[in-house]
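Chain by chain, the residues:
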Amino acid sequence: MIRLENVTKYYPSSLGKQFIFDNLNFEIPSGHNIAILGSNGAGKSTLFRILAGSEYPNKGRVVTDLHLSWPVALTTGIHPQMSGAENARFIGMINGVADLDAYVNRVRQFAELGPKFDLPVGTYSSGMKPRLAFACSIGIDFDIYLIDEVTSVGDAKFRNKARKALTQKSKTANVIMVSHEMDELRHFCDSAIVLHKGQLTFYNDLEQGIAQYQAL
Amino acid sequence: MTTIIKRNNWAIWRDVIFALFVREIRTSFNDRLGLAWAVINPLAFIFMLSYLRGRMNGGETHSIPTFEFMMYGMLFIQLFLDTLMNCSNSLKKNKALFAFRQVQPISSIIATGAFYFLVKLMVYLLILVIMYFIGMDYRIDDPLSIIINAFALWLIAMSLGLLIAIFQCYVPEISKIQSVLTRPLFFISAVFFSMQDVPKEYWHYLDWNPILHAIELSRHAAYHSYSSEAVSEFYLFTSGLILFFFSLSIYHISWKQAISR
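So the sequence lines, in the order shown, correspond to chains A and B. Be aware that the first sequence starts at 1, since it is given in the working numbering, and climbs by one per residue. Be aware that the second sequence starts at 1, since it is given in the working numbering, and climbs by one per residue.
Be careful, since some hints might not be right.
[To be verified] Examples of chain B residues toward chain A, derived with CB under 7 Å:
1) Arg-14
2) Ala-19
3) Ile-25
4) Lys-92
5) Ala-96
6) Gln-102
7) Lys-256
8) Ser-260
Please keep in mind that the hints were generated in silico from the structure rather than gathered at the bench. From the three backbone atoms N, C-alpha and C, an ideal C-beta is built for every residue, glycine too.
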């Protein structure tokens, strides 16, 4: 269970405060794989970052007893001057992985970057960075994975692999996912949260949520 | 599968700071000169300045060898400026890492500060070793006091760095003003002059500056014959403590909003 209590979040801008959420109270039920639906700029990524503790709301708080991943977006927390292996090791250290060498090896095998894994991330192509980011997060056991469009990049082979890994994980863990590809969402998720004008609505049935979202 | 160690908050802190520290080592000296630059840069300065001043006064400045006179000045001002500059930029530099809930801004400041303290300590020891091998005489009458002075100066630099780093999150223009404000410090902190060169009635223009206190005190600690009349340990430590607690309080009330902008 993740509970949002009186969450207010705005960004300062030259036009005054841009409110994303204003005094929002909401409970995200556990045991669901949830798709987050919303138009561009509705605040999906902000919601993600607040859930993960990467950012803090201006007022209110997030209460949870679960172990959440960091928001796995395209290049979160990956340093361009360090190699893939060093980045993986860094992420492992921060998250308290017991056997770092084994973890780095697992990331190496999963990401399939070949010799590039030992070269600086700055030299990677744009499809390779998300592969590394995804491999790093899937290598650690979380209760909930926060996945932001990562599975929809990369080539067909990697997407397949990512799907398999996530499906495997979903037996013991849950995902909360942002994606604009409905096929992707239909594959992983069973319910949906529609984010519209700073309000969240939970739909137990994914199709119902998608229908609602497309009607907006 | 992956076993995650259940850690208490202190263990998380320690692991994060260590990880950031390793990362700092990997990324700070990434060009071909590498770590050697950290040694060559101050050494070149010290040699140049002590040569110039040595020409004027014959190798001895107020009873201590000119080389060591310059060494303490140069190392201390560089310790201060490097720590200050890198700590104040570290929040901006590591911003992407705050996506991990375990990484807090203060950890990044501590890791950066510790790294630059160790670099300067190594340079100091290396210079002593070089002096030993080329047969230069040196004396350190009170090593403990030098360490304490360096530590106090470092604490001041880190506290100021933390303050600037946080203000920078709200007002990004600070970084431009910062370089204008820090540049004169090199010239007013007794790096290449001594308070004994300055007439007593003008001391009050200079002695508000804790860096100057740290430098003069360290020269006095190395050679007790060198006069420390113009400076006081009490002033150095008090300004260090006040800045330290002030910056921590500012940090405590504002860090969550500072990284959420």
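Cross-check of the supplied hints:
no.	hint	verdict
1	Arg-14	violated, 10 Å
2	Ala-19	holds, 4 Å
3	Ile-25	violated, 11 Å
4	Lys-92	violated, 14 Å
5	Ala-96	holds, 6 Å
6	Gln-102	holds, 5 Å
7	Lys-256	holds, 4 Å
8	Ser-260	holds, 4 Å
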